[in-house]
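*Asks:* If you want the building blocks of each chain, they are given just below.
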Amino acid sequence: NAGVMQNPRHLVRRRGQEARLRCSPMKGHSHVYWYRQLPEEGLKFMVYLQKENIIDESGMPKERFSAEFPKEGPSILRIQQVVRGDSAAYFCASSPITSGFYEQYFGPGTRLTVT
Amino acid sequence: GNSVTQMEGPVTLSEEAFLTINCTYTATGYPSLFWYVQYPGEGLQLLLKATKADDKGSNKGFEATYRKETTSFHLEKGSVQVSDSAVYFCALSGMDSNYQLIWGAGTKLIIKP
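For the protein sequence lines, the chains are U and G, in the order given. Going by the numbering used here, the first residue of the first sequence is number 2, and it counts up by one from there. Going by the numbering used here, the first residue of the second sequence is number 14, and it counts up by one from there.
There may be inaccurate statements among the hints.
As the list claims (entries may be wrong) - Pair ranges (Cβ atoms, derived): (1) E28/G - Q82/U: 43 to 51 angstroms; (2) R21/U - Y52/G: 25 to 33 angstroms; (3) E28/G - G74/U: 39 to 47 angstroms; (4) R65/U - T39/G: 30 to 38 angstroms.
Stated by the list, open to error - With the C-beta cut set under 7 angstroms, the calculated list includes, among others, these residues of chain U facing chain G: (5) E42; (6) G43; (7) L44; (8) F46; (9) Y49; (10) F107; (11) G108; (12) P109; (13) G110.
Source of the hints: derived by calculation from the structure; they are not laboratory data. Being a predicted model, the structure only gives us computed values, none of them experimental. Ideal Cβ placement from N, Cα and C applies to all residues, glycine included.
Here chain G stands alone, though its shape is the one from the complex:
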């Protein structure tokens, strides 16, 4: 079945460091891929998305590229800020059930000043 695997956290970085959070998936067909962010005590916000191979989603300095050949959708940011501290979730919606989002376990990101 469909699944999403994220790198385990917490990930701790200093301000202005480069960020990569790995996400790989297993799915039939061509799923849509998403990154959601959850700030402390809040709900999830859609950060970026990609709907087909080689698409690059971007928002707020974050980027992720849909790589069909490596079944990956790694999240990157060139220079993180303390305000980026949150939990980041990778998710997919598959072709057989494209409303039922399948989620990774989440990666907690801690940015130190």
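With the rest of the complex left out, here is chain U:
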């Protein structure tokens, strides 16, 4: 069973460009979460999605950031007009449909560098 896949692993963008990060959850998982890790810090929750639904985006910046998880295909985190402060590692996690607590499985991350 393949794990959570993220691509690209490394992404370099100039200020003002768009960054598009992809995440394919584990087979059978229908819940996807995005986290951001700034250098020397822990992860910060950004958004929680199920297929075609945004469940909780309370951790997403109000502007320039958006996320989707379509019926078919990977989840996408989109950052428009990137700035240097967007440079970070972005991790995707997925979980199966369960009740109770959610055990999340993480992908290898996308390291975004804005120049």
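Knowing the structure of chain U, use the given hints to seat chain G on it.
*Replies:* Here is chain G on its own, set in the frame of chain U:
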């Protein structure tokens, strides 16, 4: 609100030394507690977990016990190896938002041969 506090790193030990990485938390109700490990250049891997008070999670020689009375979940290993060098994160998922993991800042562990 919910929070996790970890001991600051880096922690530097010699091979075969005993390891403790402290983790304390603040949370309402009875959260689930996790330790994740991040090896250089890789994503996070779940190392162990505990879902209720007095549970002990264990994996790969690492252990942590959910202590409700001291709100702690300290990570221990009896004899570390160079391959244990990584960053270790303590996290919790709370009852009010049990999908939104709350993370400590991470503790970098360096094991010298």
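*Asks:* Need the list of violated hint numbers for this structure, in ascending order.
*Replies:* The structure breaks none of the hints.
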